[in-house]
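In order, the protein sequences belong to chains A and B. Numbering of the first sequence is given in numbering that gives the first Met the number 0, commencing with residue 0 and proceeding in unit increments. Numbering of the second sequence is given in numbering that gives the first Met the number 0, commencing with residue 0 and proceeding in unit increments.
Think of the hints as simulated: they come from the structure by calculation, not from any bench. C-beta: ideal position from N, C-alpha, C; glycine also. Treat each hint with caution, since some may be false.
[Stated by the list, open to error] Pair ranges (Cβ atoms, derived):
1) B:Leu583 with A:Val167: 32 to 38 Å
2) B:Lys842 with A:Val179: 53 to 59 Å
3) A:Thr411 with B:Leu395: 34 to 40 Å
4) A:Arg30 with B:Leu951: 30 to 36 Å
5) B:Gly446 with A:Glu163: 50 to 56 Å
[Claimed, not checked] Partial chain A-side listing against chain B, Cβ under 7 Å, derived:
6) Arg30
7) Ile33
8) Leu34
9) Gly156
10) Glu163
11) Gly227
12) Thr267
13) Ala387
14) Arg391
15) Gly433
[Said to hold, decoys possible] From the derived model, a few chain B residues whose C-beta atoms are all more than 10 Å from chain A:
16) Ala49
17) Val379
18) Tyr516
19) Thr663
20) Lys771
21) Glu777
22) Lys820
23) Asp911
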Amino acid sequence: MRNTVNRRLLIPALLVAAFTACSEELATSPRDQILADQAIVDAPTSRAALAGTYAGLQALGYYGRNLEILGDLPADNAVHTGTFQYLDDIDLHHVKADNTTTTSVWTAIYAVIARANLVLAKVPGIPDLSTAEKNEILGEAYFLRALSYHNLVKFWGDVPMPLEPILVTSDASKYKRVPVAQVYTQILSDLNQAGQLITNTSNTRQATVMAVHAIRSRVLFYKGDYQGALDEANIVLAGRDTLTVAYPDLFTATGTNTSEDIFRVAFTPVQYNEMGYYYLGAGRRELQPSKDLNTSYEAADLRKPWTVKPRGSSNLQGTKFPTTIGAEHLHVIRLAEVVLIKAEALARLNQLAAAVAEYNKVRLRAGLAPHTLGVEVTTQADVINAIAKERRFELALEGDRWPDLVRLGIATTVLGVTATQTLLPIPASDVNTGGLTQNPGY
Amino acid sequence: MSYSRSISRRLSALAVFLALPSAAVAQSGVVRGSVIDSASQRGIPGVLLAVSGTTRSAVTDDAGRFTIRNVPLSSTIVRAQRIGYAAQDRSFTFAGDTASVTLVLRPIAVQLSEVVSIGYGTSSRLDINNAVASVSATDIENKPLAGLESAIQGKMAGVQVTNNAGNPGNGISIRVRGPASVNAGNQPLYVIDGIPIIQEDYGQLGLGGQDVTSISSLNPDEIESIDVLKDAAAAAIYGSRGSNGVVMITTKRGRAGLQRVNFSTYYGSQSAPRKLSLLDAKQYVEIFNESAVNDDEDLPFTAGTDDARSFDWQSAVFRRAPVGDAQLSMSGGTERMKYYLSGGNFAQRGIVIGSDYKRQTGRVNVDFDATSRLLLRTSVGLSREDNHRIEGDGSLDGVVTNAIGMQPMRPIFGNFYGFAGVDSGLKYSNPVAIATYDRTNYGTFRGIGNVEARYSVTNKLALTGRFGADVLSVDELQWLSPRVDQTYANSADGVGKSDHTTATRYVSEAFGTYDAYTSDRQRLSVVGGASMELSNSDLNFIRGEGFTSGFTTYIRNATVITSFDGSSTGNSLGSYFGRANYSLLDRYIFSASMRADRSSRFGPAHRWGYFPAASIGWNVTQEPFAEAIARVATVKLRASYGVTGNQGIGDFDFYSLAQAAPYTTTPGVAQSSIGNPDLKWETTHAFDGGVDLGLFDNRVSVIADYYTRRTSDLLVRRPIPAFTGFTTTWGNIGDIKNAGVDLSINTENVRQHDGRGFGWTSGLNVTFNRNKVLRTFENQPIITGINGRQATIVAPGHPLGEFYMLKFEGVNPQTGDAIYKDIDGKPGITSDDKTFVGSPHPKYYGGLSNEFTLGSLSLRGFFTFSQGNKIFNMMRIFTDDGACTWDNKTTNVLARWKKPGDITDVPRMSYDCASGSDEISSRYLENGSYVRLSELTLGYALPQTWANRAYLSNARVYVSGHNLKLWTKYMGYDPDVNSAGSDENIIIGTDYYAYPQPRTITFGINAGW
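Input sequences plus hints: build the corresponding full structure.
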C-alpha cells in the first residue's frame, strides 16, 4: 500500500514541477547587461557614464578610424587600394546616401552625443556626487557634445540637434535638421558651459581647461570669427608657443604626455584604433597615401618619411600610425594645429608677418627653412596658401584635409567635385525613417 | 436527448472509468503487450485489441503498448485490428493472472499507414491529417557523412537540404517548405525523443563564411526514424518555434526478446570529384601580356621565362582522404525491462589538406515497467567531436581560395619555413603553408538525456512526466602561425585565440493522454499538458598576439591581449498545449490543437503567443458508396489550417540595454541597444490540402500536398534614424509567402516473395515551392552580400534573396568591353543600374530512389536533383575579371575578345581594369540545376549457413558510392552550395570558394549475433 502511495505521488510531483515552473518569474532580465534607464543611478555610475561617453570617441566609426578616413580619402591625401566598395565610392566622390562608412561616422558621432545627453540629463539629479565632481562631469559632457556637433557640421552642414536623451525610437520623430548657424550657437554655448565647469588641467585623455580653449579656437576659426579664434589660440599658446617634440614622437606615444598634447583619444590593444591596420602594408592597406601627397612634400621635410613610405616598386603605405595593433593615442587637437589656426587667423586679419612667423614654427620642427614675408610669400593669399600646405603636411592622414579644402572653398577646384558634393549625403536611414531632408545632389 | 444531459451522462461514464481500477475482479487477469509494425519495427498506436468471446478491449498507446484489464482467465485469443494493416489473431496464456503478448502487424500500404511522431505522441498516418515526411533508420545508416541532415537530403518531399560546402562537420541549411524569415532564423526546430534540443551554432571563430552546427554531434546511426512536421496542423503543437517545421528524431530502443549485438563498420576513400579548369603558366602569361598590350602598358611578364614552370595548386591542396565508421550496439530485454546500448566512432579526413573530423558517441536507452501501470524510460546520448577546420570561402587566407587564386607559375615550396612566400613571387599567402602551420580546433562534449515516467491511471488515461537536459560544451583553439608569409599573423608574430562556451537547456514537461471514448464507430482522444524550458549559455573568449619565437598557440605566451569576452545569457519558454483527435467510422477524422507559449524573449505585454490549428480528413474509400473503388485503391483527403510562430531572435532584444564601455582603464558604461517593447512573435498562417492515395493493392502509394504559408509580423532589424546613436531596432514588419506542392510516390514494381526471387521498389519525391516577399519595412529593399559585395536583395514582389546586380548584355565587338543594361537611363553604369537577375530558389527539387533485390543481393540507387535555381559564382569576380587582379583565371578567358569584330561573351583582357569585366553582374550568375547520382550501393546478405558458421545470426556486406556522378552546367566545384553558411537567411545560392563535396567509395559490413 505504501508503494502505491509513493508511486502515485511521483506523477503529480512531476506535474506540479512543470506547472509551478510555468507560473514563476523566469529568466527575464539580462545578466551581462543592465537596463539603459538604470545606467546612471549614483556617483560611480555617473563617473562611468562619462567614461562611456569618452569611449564613444574610440569607435571605429569615430576617431578610431572612419572620421580620419573621411577627412583624407575624398581629398587629395589618400586613395583607396582595398576591396571595400563604399570606400571606393568615397574616394571617387560617388558617395550614396547608404554609404556604410559615412553612415558609421554619423552614427558614432551621434552615439557620443546621445551618451553626453544622458549624462547631462541624469547626473544633475544624482545626490551622492560632490558639487565639484558633478560640475566636472557635466562640463566634460558639454565639451564632448560641442566637439561632436562641430564634427557633424564640418561634413554635413545642417543636422538634427537632439539635446536630450532619445530613449525610445518614437522620440526621434520630433527632430529635424537645424541650420548650421544654430548648431554653432549651441556648440559655443556648450563650450561656454564646459569652460565654466571644467577644472581638469593635466589629464589630456579627457577634456581640460586648455582643450576647451583649443576647440573653441577651432570652432570660431571654422565659423570665420578669426579674432575670436586668435584670442582663444593665444590663451592656449601662452607660455608654450614652441614645437619641441620630434614629429614621430607625437604618434608613438601610448600613454605618456608630450608637451604638445591638448586633447587626445586614448587607445589600448583591446580598445584599439585601426589607423595603422588600414594604412600599413602589414595590415589591410585598405588605403594608401596618394602619389600627389607623396610628391608634394619639400624634399627635406622630416614629416614625409614618417608619414609615407614606398611599398614595393609602385605602391605606397601610410606609416604615420606605426602598428597594426593600434594602441597609440590619437590627437583630437594638438599644439601644432593651434599654431596653424593662429597663423591663419593672423593672416586673415592681415597681420602677415606675424602669421608667417607663426607657421614657421611648424616648418622649423619639420626641418624646413623658414619663410620670409616678401620672399617665398608676399600677398595675403600666398600666406593663407602656404598655411594650407603646412596644414596638409602637418596633419596628413589625421582627417583634416577635406574639411580644410571645403572651408577654404577650393574643394571644387582642387578635387574637381561639384559644389553640392562638398557636403556628404544625410544617411538614407535618417532620410527614410527620420524624415530628414536630403542634401542637394543626392 | 438534450445536450446538457448528454454531457452529464458522459461525465458519469468518466467517473465510472476512473473508479474502475480500484474495483478489480478476482476471476480475471490482465493482458499486456505491444503491437509492432513489421516494416518499421516501431510500435503502432491506435490498434484496437479485442479479447475473443468477451467484450474486453483496449487501444494501443502511442508507443504501441496496451493493457486489457478484467479479462476472464479462460480467454485465449486476442484480435488486433487497425486500418492499413492486416488483422491478426494471437493466442496467449495466463501466467498467474497476467499474460504478455507481442503482435507484429504487416502494413498493407506501407507509406500510407506508417507510424510517425507528431509531438507529444505518435500516430499512424491513417489517423492524422497532417503533412509529415519520414525516413527510417535504413535510409540514414552507414552514410559517409557527418551530418544527419545530409542523410535525409532528397528523401523528403517539402524538405530542402543544402550542404553549403563539403568540409566535414559543416553547418547544413534545411528549409521546410521554403524560407519564411528575414532575420529570425529559418532552420527547423529539432526534437529528440521529445526534447527540443540545442541547435544553434556556438562556435565563436569565423573562418570565412562556413559555420558549424550543434546538430553535427548527433550520430545518425543511433536514430530509428526522422519525421519532419511540415504543415501548421502538425507543427502548431510546437507553437512559437514551429514556423520553420519540426524535425522529430526518435532514437533506437530495445525490444523484448533475445539479446542482439550488432556491429557495423565501413571504410572508404574520398576524393575531389572535379577540379576547376584554370590557366597554366603559359596561358596566364599570355593573357596578362595581352592585357598590357591592350592598355598600352609595359608587359608584366616575359614569355619563355616567367612561364617556364607551371604548378597545379589545386592538386597541392586536394588529397585522397579516408573516412571510416564503426558502430557497436547491444539491445534486448524482457517484457518488463528493455535496453539499447550503443557506441560509435566516426572519423573523416577532409579532401582538402588540414581538415578532419572525428566523433565518438554513446547511447543508453532503457525502458522499465516498474509496475503494470508505471513505465519508466531513459534516453541518454553522449558525444564528443573534434573538428579541425580550415580557413575557407570568403577568407583572405582560405586554403581553397588561395589555391584557386594563386598565379600558376608560383612554386609551392621555397625558403619561408619550407614554403614559398613573397620572395618567390607569391601574391597571396601560401595555402599549403596555411594548412600546414595554422590550426583551428573545434571540440565539443555533449550530453542529451531525458527521463520519463508514464503512469496509466486507467486503460484510457495515461500521464507522462518527462525531464530532459541538453548540455553542450564547446572549446575552440586557434593558432595562426607567423610562418605563413603575407598574413596578418606573420606581421603580428602569431595570433592565438581560445574560447569556451557552455550551453544548457533543461526541459520539464508533463502531459496526459486520454482515450476519452472508443468504440468501433468512433474514437476520441485528447492530449494536454504543459512544458517548461530554460536555456542558458555562457561564453568566454581571448585573443592574443606577439608570440615569442618558439612558443605557439596558447595565450599565456602572447605579448598582448587584443580582444577578450565573457558573457552569459538565457531565456525561458513556458507552455501549455493540447490536442484532440476524433474519428468517426474510421472515415472522418477531425483534429484540433492549441499551444500557448510564454517566452522571455518578448516584453511583458507580448510575452504570450497562441498557436491554434485544426484539420479534417476523409478516408473516402471507407465509405460504403466507394466500395467498388476500394478494391483497387485507398483514398484519403486531408485539409488543415493553423498558426505557428518564430521567436528566433536574441534573448533581450525588446529592452534598451547598457553595458560596459571602459575608457582605457576607467570603468565606463554606455547604452548598447535601443529596444522595442512592442516586439512580438513572427507568425505563419498555413493551409495544407492533401491526398493520400493507394493503388493496386497499395503497391503504388502517393502522398501529395498543396500548401500555402504566409508569414507576417516578420522579425526584422529595421532601420531607425541613426541620429539616435543606433542604426537598427527589432521590429515586426513584413510578409513573406511560400506556396507549393510536395509529392511523394512509392511503388513496389515487382514484389519479392518470402525473401526470394526478384523485387523492385521505387520512390520519388519532388517539391515545387514559390517564395515571394510581400512587404518589407516601408517597402524598402534590403540589399546585402558576402563581404559587403552587394548582390542579393529582399524586395516586395520578389523571392527572398533574389540576385540583384548589373545585367550583362554581352561584349562590344568593337571595343571588347562588357556591356551592361542601362536601367536608370542616366549616362554611365553605376550601382543605380542594378536589377533583378534571377532567383536562388529551385523551381523544383527532390530525389529518386530505386532498389532492386535478387535473393540476397540488393542494389540501390539514389538520385537527388534541383532544377531552375541560379548560383552566383562569386569566385569569378576574381577568376573572370579580365586581368584586374593577379588571381589565376578560368579557361573561360580563352574565348576572350581579342580584336575588333570578335563576337564573344568574354570581355577583353585589360591591365588597367577598364573593360568593365570586374563588375558584379549576371555574367557570374550560373544555372545551378543539377542531377546527382547521390548513392549507389550493392549489398549482399551472407547465406544463413555461412553466417551461422561464423557464430553470427546475420551478416551483410556492401560496397557503396556516394556523389558518384554529377550532371550540371555549373562551372564551380558543386552546385549544392552556400558560402554564407547555415545561419544566413537572405544570402543564398552564393559560391565563394566553397570547399568541394567529396566523392566517396566505401566498403562496409553489418553483422549481428
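Tested hints:
1. B:Leu583 with A:Val167: 32 to 38 Å: 54 Å, violated
2. B:Lys842 with A:Val179: 53 to 59 Å: 56 Å, holds
3. A:Thr411 with B:Leu395: 34 to 40 Å: The hint (34 to 40 Å, Cβ to Cβ) holds, given that A:Thr411 and B:Leu395 are roughly 38 Å apart.
4. A:Arg30 with B:Leu951: 30 to 36 Å: Cβ of A:Arg30 to Cβ of B:Leu951: about 56 Å, so the range 30 to 36 Å is violated.
5. B:Gly446 with A:Glu163: 50 to 56 Å: Given about 52 Å between the Cβ atoms, the range holds.
6. Arg30: 5 Å, holds
7. Ile33: Holds - the Cβ of A:Ile33 comes within 7 Å of chain B, reaching about 5 Å at its closest.
8. Leu34: 6 Å, holds
9. Gly156: Constraint on A:Gly156 not satisfied, violated at 14 Å.
10. Glu163: 12 Å, violated
11. Gly227: 28 Å, violated
12. Thr267: 6 Å, holds
13. Ala387: 32 Å, violated
14. Arg391: For A:Arg391, the interface hint is violated, since the closest Cβ of chain B sits about 28 Å away, which is over 7 Å.
15. Gly433: 3 Å, holds
16. Ala49: Fine: 29 Å to the nearest Cβ keeps B:Ala49 off the interface.
17. Val379: Holds, since 18 Å exceeds 10 Å.
18. Tyr516: Non-interface label on B:Tyr516 holds, nearest chain A Cβ at 23 Å vs cutoff 10 Å.
19. Thr663: 5 Å, violated
20. Lys771: 23 Å, holds
21. Glu777: 7 Å, violated
22. Lys820: 19 Å, holds
23. Asp911: 13 Å, holds
Violated hints, in rising order: 1, 4, 9, 10, 11, 13, 14, 19, 21; the structure is consistent with all others.
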